[in-house]
Amino acid sequence: MMTHLVVLPIIIPLVTAGLAVLTRKSGTLQRWLGVMGMIAQIIISVLLLWQVMDHGILATQMGNWAAPFGITLVADLLSAIMVVITAIMGFAVAVYSLADIDKTRESYGYYPLLHLLLMGVNGTFLTGDIFNMYVWFEVMLISSFVLLALGNEKTQMEGAIKYVIINIISSSFLLIGIALLYGMFGTLNMADLANKIAGSDSPGLVTAISMLFMVSFSIKAAMFPLFFWLPASYHTPPVAVSAIFAGLLTKVGVYTLLRFFTLIFIQDVAYTHHILLWAAGLTMLTGVLGAASQNEVRKILSFHIVSQIGYMVMGLALFTPLAIVGSVFYIVHHIIVKTNLFLVAGVASRLTGSFELSKMGGLWRHYPWLGALFLIPAFSLAGFPPLSGFWAKLTLIYAGLEIESYPIVIVALVVGLLTLFSMTKIWAAAFWSPMADDKIDISDFRKVITKWDLTLLVIPMVILAALTVTIGLYAQPFYEVSLEAAEQLLNPSIYINAVLGQ
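In this note's numbering, the protein residues as written are -7 to 494.
Careful, some of the hints might be misleading.
Straight-line C-alpha distance at most 30 Å; calculated DSS-like pairs for lysine-lysine [stated by the list, open to error]:
no., residue 1, residue 2
1, 351, 154
2, 188, 291
3, 417, 95
4, 291, 443
The calculated label-pair distances, taken between Cβ atoms and stated as ranges, are [said to hold, decoys possible]:
no., residue 1, residue 2, range
5, 441, 21, 47 to 55 Å
6, 21, 127, 49 to 57 Å
7, 412, 54, 41 to 49 Å
8, 393, 38, 29 to 37 Å
9, 398, 54, 42 to 50 Å
10, 199, 147, 39 to 47 Å
11, 377, 18, 44 to 52 Å
12, 130, 10, 13 to 21 Å
13, 399, 260, 41 to 49 Å
Source of the hints: derived by calculation from the structure; they are not laboratory data.
For every residue, glycine included, the Cβ atom is placed at its ideal position computed from N, Cα and C.
All chains should be built: construct the whole structure from the sequences, respecting the hints.
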(Lines of atoms letter the chains of each structure in order from A and count residues from 1; the text may use other names and numbers.)
(Lines give C-alpha, C1' and ligand atoms only; values in the text may rest on other atoms or scores of the structure.)
Protein backbone atom coordinates (compact mmCIF):
# COMPACT_ATOMS: atom_id res chain seq x y z
CA MET A 1 0.00 0.00 0.00
CA MET A 2 2.86 2.37 0.78
CA THR A 3 4.36 1.93 -2.68
CA HIS A 4 1.04 2.97 -4.27
CA LEU A 5 1.56 6.40 -2.73
CA VAL A 6 4.33 6.92 -5.29
CA VAL A 7 1.78 6.79 -8.13
CA LEU A 8 -0.85 9.11 -6.63
CA PRO A 9 1.02 12.44 -7.11
CA ILE A 10 0.81 11.69 -10.84
CA ILE A 11 -2.74 10.31 -10.86
CA ILE A 12 -4.35 13.13 -8.84
CA PRO A 13 -3.44 16.02 -11.21
CA LEU A 14 -4.39 13.84 -14.20
CA VAL A 15 -7.85 13.14 -12.73
CA THR A 16 -8.25 16.79 -11.71
CA ALA A 17 -7.36 17.91 -15.24
CA GLY A 18 -9.96 15.52 -16.63
CA LEU A 19 -12.63 16.84 -14.26
CA ALA A 20 -11.69 20.40 -15.23
CA VAL A 21 -12.32 19.54 -18.88
CA LEU A 22 -15.68 17.94 -18.07
CA THR A 23 -16.79 20.99 -16.06
CA ARG A 24 -15.49 23.58 -18.54
CA LYS A 25 -18.99 25.05 -18.99
CA SER A 26 -19.20 25.85 -15.28
CA GLY A 27 -16.35 28.22 -14.51
CA THR A 28 -17.01 28.32 -10.77
CA LEU A 29 -17.12 24.54 -10.40
CA GLN A 30 -13.99 24.16 -12.52
CA ARG A 31 -12.06 26.66 -10.38
CA TRP A 32 -12.94 25.13 -7.04
CA LEU A 33 -12.40 21.58 -8.29
CA GLY A 34 -8.91 22.74 -9.18
CA VAL A 35 -8.31 24.03 -5.66
CA MET A 36 -9.64 20.80 -4.13
CA GLY A 37 -7.37 18.80 -6.41
CA MET A 38 -4.40 20.80 -5.10
CA ILE A 39 -5.43 20.12 -1.50
CA ALA A 40 -5.59 16.40 -2.29
CA GLN A 41 -2.08 16.65 -3.77
CA ILE A 42 -0.78 18.26 -0.58
CA ILE A 43 -2.29 15.51 1.60
CA ILE A 44 -0.90 12.68 -0.55
CA SER A 45 2.53 14.27 -0.97
CA VAL A 46 2.90 14.85 2.77
CA LEU A 47 1.91 11.21 3.39
CA LEU A 48 4.49 10.13 0.83
CA LEU A 49 7.23 12.19 2.48
CA TRP A 50 6.28 10.80 5.88
CA GLN A 51 6.47 7.21 4.61
CA VAL A 52 9.85 7.81 2.94
CA MET A 53 11.21 9.33 6.14
CA ASP A 54 9.85 6.37 8.13
CA HIS A 55 10.63 3.46 5.81
CA GLY A 56 13.32 4.67 3.42
CA ILE A 57 13.18 4.86 -0.37
CA LEU A 58 9.93 3.57 -1.89
CA ALA A 59 9.89 1.99 -5.35
CA THR A 60 7.01 0.54 -7.30
CA GLN A 61 7.16 -1.45 -10.54
CA MET A 62 4.34 -0.60 -12.92
CA GLY A 63 2.46 -3.62 -14.27
CA ASN A 64 4.42 -5.87 -11.90
CA TRP A 65 7.32 -5.95 -14.36
CA ALA A 66 10.46 -6.29 -12.28
CA ALA A 67 13.17 -3.66 -12.62
CA PRO A 68 15.03 -3.00 -14.82
CA PHE A 69 12.62 -4.34 -17.47
CA GLY A 70 9.49 -2.40 -16.52
CA ILE A 71 8.66 1.20 -15.70
CA THR A 72 9.81 2.11 -12.22
CA LEU A 73 8.57 4.94 -10.02
CA VAL A 74 10.84 5.87 -7.11
CA ALA A 75 10.46 8.22 -4.17
CA ASP A 76 13.58 8.99 -2.17
CA LEU A 77 13.78 11.96 0.19
CA LEU A 78 14.77 14.45 -2.50
CA SER A 79 11.93 13.52 -4.85
CA ALA A 80 9.42 13.33 -1.96
CA ILE A 81 10.46 16.81 -0.80
CA MET A 82 10.07 18.15 -4.34
CA VAL A 83 6.61 16.60 -4.68
CA VAL A 84 5.50 18.24 -1.41
CA ILE A 85 6.78 21.66 -2.41
CA THR A 86 5.17 21.28 -5.85
CA ALA A 87 1.79 20.59 -4.24
CA ILE A 88 2.09 23.62 -1.95
CA MET A 89 3.03 25.92 -4.85
CA GLY A 90 0.22 24.45 -6.94
CA PHE A 91 -2.29 25.23 -4.19
CA ALA A 92 -0.99 28.78 -3.74
CA VAL A 93 -1.17 29.52 -7.47
CA ALA A 94 -4.60 27.85 -7.84
CA VAL A 95 -6.06 30.12 -5.15
CA TYR A 96 -4.32 33.17 -6.65
CA SER A 97 -5.65 32.21 -10.09
CA LEU A 98 -9.25 32.55 -8.85
CA ALA A 99 -8.74 36.30 -8.94
CA ASP A 100 -5.96 36.61 -11.52
CA ILE A 101 -7.03 34.50 -14.52
CA ASP A 102 -9.70 35.98 -16.77
CA LYS A 103 -12.66 34.03 -18.15
CA THR A 104 -11.24 33.95 -21.67
CA ARG A 105 -8.14 32.05 -20.56
CA GLU A 106 -10.34 29.81 -18.42
CA SER A 107 -12.41 28.92 -21.46
CA TYR A 108 -9.23 28.06 -23.38
CA GLY A 109 -8.26 25.45 -20.79
CA TYR A 110 -6.12 27.20 -18.19
CA TYR A 111 -7.05 24.89 -15.30
CA PRO A 112 -6.63 21.55 -17.13
CA LEU A 113 -3.26 22.78 -18.44
CA LEU A 114 -2.12 23.83 -14.97
CA HIS A 115 -2.82 20.37 -13.58
CA LEU A 116 -1.20 18.63 -16.54
CA LEU A 117 1.86 20.79 -15.97
CA LEU A 118 2.04 19.64 -12.34
CA MET A 119 1.55 16.04 -13.45
CA GLY A 120 4.60 16.40 -15.69
CA VAL A 121 6.62 17.97 -12.86
CA ASN A 122 5.71 15.20 -10.41
CA GLY A 123 6.36 12.53 -13.03
CA THR A 124 9.87 13.88 -13.56
CA PHE A 125 10.58 13.84 -9.83
CA LEU A 126 9.31 10.30 -9.35
CA THR A 127 10.42 8.41 -12.44
CA GLY A 128 13.22 5.86 -12.19
CA ASP A 129 13.61 5.54 -15.96
CA ILE A 130 15.51 7.98 -18.19
CA PHE A 131 13.23 7.62 -21.21
CA ASN A 132 10.14 8.25 -19.09
CA MET A 133 11.92 11.30 -17.72
CA TYR A 134 12.09 12.53 -21.31
CA VAL A 135 8.35 11.83 -21.70
CA TRP A 136 7.51 13.79 -18.54
CA PHE A 137 9.68 16.65 -19.76
CA GLU A 138 7.60 16.74 -22.94
CA VAL A 139 4.35 16.77 -20.95
CA MET A 140 5.72 19.79 -19.08
CA LEU A 141 6.92 21.46 -22.28
CA ILE A 142 3.58 21.14 -24.09
CA SER A 143 1.56 22.32 -21.07
CA SER A 144 3.89 25.22 -20.30
CA PHE A 145 4.04 26.34 -23.93
CA VAL A 146 0.25 26.58 -24.18
CA LEU A 147 0.05 28.34 -20.80
CA LEU A 148 2.63 30.87 -22.01
CA ALA A 149 0.73 31.52 -25.22
CA LEU A 150 -2.76 31.47 -23.68
CA GLY A 151 -4.34 34.82 -24.47
CA ASN A 152 -2.60 35.20 -27.83
CA GLU A 153 -1.01 38.57 -27.02
CA LYS A 154 1.99 39.60 -29.13
CA THR A 155 4.52 39.60 -26.28
CA GLN A 156 3.23 36.23 -25.10
CA MET A 157 3.64 34.67 -28.52
CA GLU A 158 7.17 36.06 -28.87
CA GLY A 159 8.13 34.72 -25.44
CA ALA A 160 6.45 31.37 -26.04
CA ILE A 161 8.25 30.83 -29.36
CA LYS A 162 11.66 31.52 -27.80
CA TYR A 163 10.78 29.27 -24.89
CA VAL A 164 9.64 26.31 -26.97
CA ILE A 165 12.49 26.49 -29.52
CA ILE A 166 15.25 26.40 -26.92
CA ASN A 167 13.47 23.67 -24.95
CA ILE A 168 13.07 21.54 -28.08
CA ILE A 169 16.83 21.85 -28.60
CA SER A 170 17.33 20.81 -24.97
CA SER A 171 15.04 17.80 -25.44
CA SER A 172 16.95 16.80 -28.57
CA PHE A 173 20.23 16.70 -26.62
CA LEU A 174 18.50 14.64 -23.95
CA LEU A 175 17.06 12.16 -26.44
CA ILE A 176 20.45 11.71 -28.16
CA GLY A 177 22.10 11.10 -24.78
CA ILE A 178 19.43 8.54 -23.85
CA ALA A 179 19.92 6.71 -27.17
CA LEU A 180 23.68 6.56 -26.71
CA LEU A 181 23.40 5.23 -23.14
CA TYR A 182 20.90 2.61 -24.23
CA GLY A 183 23.15 1.59 -27.10
CA MET A 184 26.10 1.16 -24.72
CA PHE A 185 24.40 -0.49 -21.75
CA GLY A 186 21.08 -1.86 -22.98
CA THR A 187 19.01 -0.38 -20.16
CA LEU A 188 17.00 2.74 -19.39
CA ASN A 189 16.53 2.15 -15.66
CA MET A 190 18.55 4.70 -13.65
CA ALA A 191 19.56 2.27 -10.92
CA ASP A 192 20.62 -0.36 -13.46
CA LEU A 193 22.51 2.27 -15.46
CA ALA A 194 24.35 3.39 -12.33
CA ASN A 195 25.40 -0.22 -11.73
CA LYS A 196 26.59 -0.82 -15.27
CA ILE A 197 28.36 2.52 -15.70
CA ALA A 198 30.30 1.91 -12.49
CA GLY A 199 31.77 -1.22 -14.11
CA SER A 200 32.21 0.28 -17.59
CA ASP A 201 35.55 -0.11 -19.38
CA SER A 202 34.89 3.08 -21.42
CA PRO A 203 34.82 5.87 -18.82
CA GLY A 204 35.90 8.49 -21.35
CA LEU A 205 32.94 7.74 -23.61
CA VAL A 206 30.57 7.83 -20.65
CA THR A 207 31.95 11.25 -19.66
CA ALA A 208 31.44 12.51 -23.22
CA ILE A 209 27.81 11.32 -23.13
CA SER A 210 27.35 12.98 -19.73
CA MET A 211 28.05 16.33 -21.43
CA LEU A 212 24.89 15.89 -23.52
CA PHE A 213 22.85 15.44 -20.38
CA MET A 214 24.61 18.35 -18.68
CA VAL A 215 23.83 20.68 -21.60
CA SER A 216 20.20 19.52 -21.79
CA PHE A 217 19.51 19.90 -18.07
CA SER A 218 21.45 23.17 -17.89
CA ILE A 219 19.23 24.65 -20.59
CA LYS A 220 16.12 23.58 -18.69
CA ALA A 221 17.60 25.03 -15.48
CA ALA A 222 18.47 28.31 -17.31
CA MET A 223 22.18 28.13 -16.57
CA PHE A 224 24.95 30.13 -18.23
CA PRO A 225 25.29 30.59 -21.17
CA LEU A 226 21.88 29.26 -22.32
CA PHE A 227 19.62 31.19 -19.97
CA PHE A 228 18.43 33.97 -22.29
CA TRP A 229 15.09 32.27 -23.03
CA LEU A 230 13.90 32.69 -19.44
CA PRO A 231 13.93 36.51 -19.01
CA ALA A 232 12.58 36.74 -22.57
CA SER A 233 9.48 34.70 -21.75
CA TYR A 234 8.62 34.57 -18.04
CA HIS A 235 7.42 38.18 -17.86
CA THR A 236 4.86 37.79 -20.66
CA PRO A 237 1.98 35.61 -19.28
CA PRO A 238 -0.41 36.40 -16.40
CA VAL A 239 1.24 36.57 -12.99
CA ALA A 240 -0.21 33.24 -11.83
CA VAL A 241 1.50 31.49 -14.76
CA SER A 242 4.76 33.38 -14.26
CA ALA A 243 4.74 32.45 -10.57
CA ILE A 244 4.36 28.69 -11.07
CA PHE A 245 6.98 28.77 -13.83
CA ALA A 246 9.38 30.80 -11.70
CA GLY A 247 8.95 28.54 -8.71
CA LEU A 248 9.06 25.10 -10.32
CA LEU A 249 10.18 24.71 -13.91
CA THR A 250 13.86 25.62 -13.63
CA LYS A 251 14.09 23.55 -10.42
CA VAL A 252 13.13 20.49 -12.46
CA GLY A 253 16.34 21.08 -14.41
CA VAL A 254 18.32 21.44 -11.19
CA TYR A 255 16.70 18.30 -9.80
CA THR A 256 17.75 16.26 -12.84
CA LEU A 257 21.30 17.59 -12.58
CA LEU A 258 21.36 16.50 -8.93
CA ARG A 259 19.92 13.11 -9.76
CA PHE A 260 22.17 12.27 -12.69
CA PHE A 261 25.41 13.72 -11.33
CA THR A 262 25.11 12.02 -7.95
CA LEU A 263 23.78 8.67 -9.19
CA ILE A 264 24.82 7.96 -12.79
CA PHE A 265 27.68 10.23 -13.90
CA ILE A 266 30.08 10.02 -10.98
CA GLN A 267 32.94 8.19 -12.68
CA ASP A 268 34.88 11.43 -13.35
CA VAL A 269 33.76 13.92 -10.71
CA ALA A 270 36.93 16.01 -10.96
CA TYR A 271 36.08 16.82 -14.58
CA THR A 272 32.28 16.99 -14.74
CA HIS A 273 31.73 18.81 -11.46
CA HIS A 274 34.51 21.30 -12.16
CA ILE A 275 32.58 22.34 -15.28
CA LEU A 276 29.44 22.64 -13.16
CA LEU A 277 31.33 24.86 -10.69
CA TRP A 278 32.37 27.29 -13.41
CA ALA A 279 28.85 27.28 -14.83
CA ALA A 280 27.40 27.95 -11.37
CA GLY A 281 29.62 30.97 -10.77
CA LEU A 282 28.96 32.48 -14.20
CA THR A 283 25.22 31.83 -13.83
CA MET A 284 25.16 33.72 -10.53
CA LEU A 285 27.03 36.71 -11.96
CA THR A 286 25.24 37.07 -15.29
CA GLY A 287 21.84 36.63 -13.68
CA VAL A 288 22.32 39.23 -10.96
CA LEU A 289 23.92 41.75 -13.36
CA GLY A 290 21.00 41.29 -15.73
CA ALA A 291 18.60 41.94 -12.85
CA ALA A 292 20.47 45.09 -11.81
CA SER A 293 20.09 46.51 -15.33
CA GLN A 294 16.30 46.08 -15.54
CA ASN A 295 13.50 48.45 -14.55
CA GLU A 296 10.49 46.17 -14.93
CA VAL A 297 9.64 44.13 -11.84
CA ARG A 298 8.98 40.80 -13.59
CA LYS A 299 12.17 41.08 -15.65
CA ILE A 300 14.20 41.79 -12.51
CA LEU A 301 12.69 38.76 -10.81
CA SER A 302 13.22 36.62 -13.93
CA PHE A 303 16.93 37.43 -14.04
CA HIS A 304 17.13 36.62 -10.35
CA ILE A 305 15.80 33.14 -11.08
CA VAL A 306 18.87 32.66 -13.27
CA SER A 307 21.18 34.06 -10.61
CA GLN A 308 19.81 31.88 -7.82
CA ILE A 309 20.06 28.70 -9.91
CA GLY A 310 23.82 29.20 -9.64
CA TYR A 311 23.69 28.72 -5.86
CA MET A 312 21.83 25.41 -6.19
CA VAL A 313 24.30 24.06 -8.75
CA MET A 314 27.20 25.35 -6.66
CA GLY A 315 26.35 22.80 -3.97
CA LEU A 316 26.25 19.97 -6.49
CA ALA A 317 29.55 21.10 -8.01
CA LEU A 318 31.34 21.20 -4.65
CA PHE A 319 30.08 17.64 -4.12
CA THR A 320 30.53 17.37 -0.37
CA PRO A 321 27.82 16.26 2.09
CA LEU A 322 27.41 19.79 3.44
CA ALA A 323 27.29 21.29 -0.05
CA ILE A 324 24.56 18.88 -1.17
CA VAL A 325 22.62 19.75 1.99
CA GLY A 326 22.92 23.39 0.96
CA SER A 327 21.60 22.64 -2.54
CA VAL A 328 18.55 20.76 -1.26
CA PHE A 329 17.80 23.44 1.34
CA TYR A 330 18.30 26.20 -1.24
CA ILE A 331 15.92 24.62 -3.75
CA VAL A 332 13.10 24.48 -1.20
CA HIS A 333 13.77 28.02 0.02
CA HIS A 334 13.94 29.47 -3.47
CA ILE A 335 10.79 27.82 -4.81
CA ILE A 336 8.77 29.39 -1.98
CA VAL A 337 10.42 32.80 -2.11
CA LYS A 338 10.45 33.27 -5.87
CA THR A 339 6.82 32.18 -6.31
CA ASN A 340 5.81 34.64 -3.61
CA LEU A 341 7.74 37.55 -5.13
CA PHE A 342 5.89 37.11 -8.42
CA LEU A 343 2.56 36.97 -6.58
CA VAL A 344 3.37 40.18 -4.69
CA ALA A 345 4.44 41.84 -7.94
CA GLY A 346 1.07 40.91 -9.44
CA VAL A 347 -0.87 42.62 -6.65
CA ALA A 348 1.40 45.68 -6.81
CA SER A 349 0.74 45.92 -10.53
CA ARG A 350 -3.02 45.61 -10.04
CA LEU A 351 -2.94 48.48 -7.55
CA THR A 352 -0.64 50.81 -9.53
CA GLY A 353 -1.51 49.79 -13.08
CA SER A 354 2.01 48.90 -14.19
CA PHE A 355 5.04 46.64 -13.71
CA GLU A 356 7.44 49.45 -14.68
CA LEU A 357 9.24 50.84 -11.65
CA SER A 358 9.04 54.39 -13.05
CA LYS A 359 5.23 54.13 -13.08
CA MET A 360 4.80 52.63 -9.62
CA GLY A 361 4.91 54.15 -6.15
CA GLY A 362 3.01 54.92 -2.98
CA LEU A 363 2.37 51.32 -1.97
CA TRP A 364 3.98 51.51 1.46
CA ARG A 365 1.92 54.54 2.39
CA HIS A 366 -1.42 53.02 1.40
CA TYR A 367 -0.71 49.30 1.87
CA PRO A 368 1.99 48.69 4.48
CA TRP A 369 0.89 45.05 4.71
CA LEU A 370 1.84 44.58 1.04
CA GLY A 371 5.23 46.11 1.80
CA ALA A 372 5.73 43.60 4.61
CA LEU A 373 4.73 40.73 2.31
CA PHE A 374 7.34 41.95 -0.18
CA LEU A 375 10.12 42.46 2.35
CA ILE A 376 9.92 38.91 3.75
CA PRO A 377 10.70 37.07 0.48
CA ALA A 378 12.97 39.88 -0.78
CA PHE A 379 15.17 39.82 2.33
CA SER A 380 15.14 36.02 2.26
CA LEU A 381 16.31 36.04 -1.37
CA ALA A 382 19.16 38.37 -0.40
CA GLY A 383 20.11 36.12 2.53
CA PHE A 384 19.08 38.19 5.54
CA PRO A 385 18.93 36.40 8.92
CA PRO A 386 16.89 34.78 10.29
CA LEU A 387 14.94 34.03 7.10
CA SER A 388 15.27 30.80 5.09
CA GLY A 389 17.65 32.28 2.52
CA PHE A 390 20.22 33.09 5.19
CA TRP A 391 20.56 29.47 6.30
CA ALA A 392 20.64 28.19 2.73
CA LYS A 393 23.41 30.59 1.72
CA LEU A 394 25.31 30.12 4.97
CA THR A 395 25.38 26.36 4.41
CA LEU A 396 26.74 26.75 0.88
CA ILE A 397 29.30 29.38 1.90
CA TYR A 398 30.53 27.20 4.76
CA ALA A 399 30.72 24.19 2.42
CA GLY A 400 32.89 26.21 0.03
CA LEU A 401 35.18 27.40 2.81
CA GLU A 402 35.43 23.87 4.18
CA ILE A 403 37.18 22.64 1.02
CA GLU A 404 38.94 25.99 0.38
CA SER A 405 37.01 26.77 -2.80
CA TYR A 406 37.44 30.49 -2.25
CA PRO A 407 36.63 31.89 -5.74
CA ILE A 408 33.08 30.50 -5.76
CA VAL A 409 32.57 31.69 -2.16
CA ILE A 410 33.59 35.22 -3.15
CA VAL A 411 31.24 35.13 -6.15
CA ALA A 412 28.37 33.90 -3.95
CA LEU A 413 28.94 36.71 -1.42
CA VAL A 414 29.18 39.42 -4.09
CA VAL A 415 26.04 38.15 -5.81
CA GLY A 416 24.23 38.25 -2.45
CA LEU A 417 25.07 41.95 -2.12
CA LEU A 418 23.94 42.68 -5.69
CA THR A 419 20.71 40.79 -5.02
CA LEU A 420 20.08 43.10 -2.09
CA PHE A 421 20.67 46.06 -4.40
CA SER A 422 18.01 44.83 -6.85
CA MET A 423 15.48 44.19 -4.08
CA THR A 424 16.19 47.65 -2.64
CA LYS A 425 15.60 49.18 -6.09
CA ILE A 426 12.15 47.59 -6.27
CA TRP A 427 11.38 48.67 -2.70
CA ALA A 428 12.45 52.27 -3.28
CA ALA A 429 10.53 52.70 -6.54
CA ALA A 430 7.34 50.72 -5.95
CA PHE A 431 6.82 51.05 -2.21
CA TRP A 432 8.77 53.94 -0.72
CA SER A 433 8.63 56.63 -3.40
CA PRO A 434 5.45 58.73 -3.69
CA MET A 435 2.92 58.04 -6.41
CA ALA A 436 3.41 60.19 -9.52
CA ASP A 437 0.97 63.10 -9.77
CA ASP A 438 -0.62 61.83 -12.96
CA LYS A 439 -1.36 58.38 -11.53
CA ILE A 440 -4.66 57.23 -10.11
CA ASP A 441 -5.25 57.48 -6.39
CA ILE A 442 -4.74 53.96 -5.02
CA SER A 443 -5.74 54.77 -1.46
CA ASP A 444 -9.02 52.93 -2.07
CA PHE A 445 -8.29 49.51 -3.56
CA ARG A 446 -11.97 49.13 -4.56
CA LYS A 447 -11.26 51.40 -7.52
CA VAL A 448 -8.96 48.80 -9.07
CA ILE A 449 -9.76 45.51 -7.32
CA THR A 450 -12.65 44.09 -5.29
CA LYS A 451 -12.22 43.13 -1.67
CA TRP A 452 -12.99 39.46 -2.43
CA ASP A 453 -10.40 39.33 -5.21
CA LEU A 454 -7.83 41.01 -2.98
CA THR A 455 -8.49 38.38 -0.30
CA LEU A 456 -7.92 35.56 -2.81
CA LEU A 457 -4.68 37.20 -3.94
CA VAL A 458 -3.37 37.82 -0.44
CA ILE A 459 -4.09 34.40 1.13
CA PRO A 460 -1.39 32.50 -0.84
CA MET A 461 1.12 35.31 -0.28
CA VAL A 462 0.58 35.13 3.48
CA ILE A 463 0.94 31.33 3.46
CA LEU A 464 4.22 31.47 1.52
CA ALA A 465 5.59 34.31 3.65
CA ALA A 466 4.74 32.31 6.78
CA LEU A 467 6.60 29.30 5.35
CA THR A 468 9.67 31.46 4.69
CA VAL A 469 9.68 32.77 8.24
CA THR A 470 9.00 29.32 9.71
CA ILE A 471 11.88 27.71 7.82
CA GLY A 472 14.12 30.54 8.98
CA LEU A 473 13.15 30.43 12.65
CA TYR A 474 12.96 26.63 12.87
CA ALA A 475 15.69 25.70 10.42
CA GLN A 476 16.97 22.67 12.34
CA PRO A 477 14.29 20.11 11.32
CA PHE A 478 14.43 21.28 7.69
CA TYR A 479 18.22 21.05 7.80
CA GLU A 480 18.06 17.51 9.19
CA VAL A 481 15.71 16.38 6.42
CA SER A 482 18.02 17.99 3.84
CA LEU A 483 20.97 16.21 5.46
CA GLU A 484 19.26 12.84 5.18
CA ALA A 485 18.37 13.58 1.54
CA ALA A 486 22.01 14.47 0.86
CA GLU A 487 23.19 11.24 2.47
CA GLN A 488 20.91 9.26 0.15
CA LEU A 489 22.20 11.16 -2.88
CA LEU A 490 25.84 10.59 -1.97
CA ASN A 491 25.29 6.86 -1.36
CA PRO A 492 23.93 5.59 -4.70
CA SER A 493 23.84 2.01 -3.41
CA ILE A 494 20.83 2.91 -1.23
CA TYR A 495 18.86 3.99 -4.31
CA ILE A 496 20.09 1.06 -6.41
CA ASN A 497 19.18 -1.53 -3.78
CA ALA A 498 15.72 0.00 -3.26
CA VAL A 499 14.94 -0.14 -6.99
CA LEU A 500 16.55 -3.43 -7.98
CA GLY A 501 15.68 -5.23 -4.76
CA GLN A 502 19.23 -6.32 -4.05
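Tested hints:
1. 351 - 154: holds (28 Å)
2. 188 - 291: Judged against 30 Å, a Cα distance of about 44 Å means the pair is violated.
3. 417 - 95: violated (34 Å)
4. 291 - 443: OK: residue 291 and residue 443 at ~28 Å, within 30 Å.
5. 441 - 21: 47 to 55 Å: 24 Å Cβ-Cβ, so the 47 to 55 Å window is violated.
6. 21 - 127: 49 to 57 Å: violated (31 Å)
7. 412 - 54: 41 to 49 Å: Holds: the Cβ-Cβ distance is about 48 Å, inside 41 to 49 Å.
8. 393 - 38: 29 to 37 Å: Roughly 35 Å apart at Cβ, these two residues keep to the hinted range, so it holds.
9. 398 - 54: 42 to 50 Å: holds (48 Å)
10. 199 - 147: 39 to 47 Å: 41 Å Cβ-Cβ, so the 39 to 47 Å window holds.
11. 377 - 18: 44 to 52 Å: With a Cβ separation near 48 Å, residue 377 and residue 18 satisfy 44 to 52 Å, so the hint holds.
12. 130 - 10: 13 to 21 Å: holds (19 Å)
13. 399 - 260: 41 to 49 Å: The hinted range 41 to 49 Å is violated for residue 399 and residue 260, with Cβ atoms some 21 Å apart.
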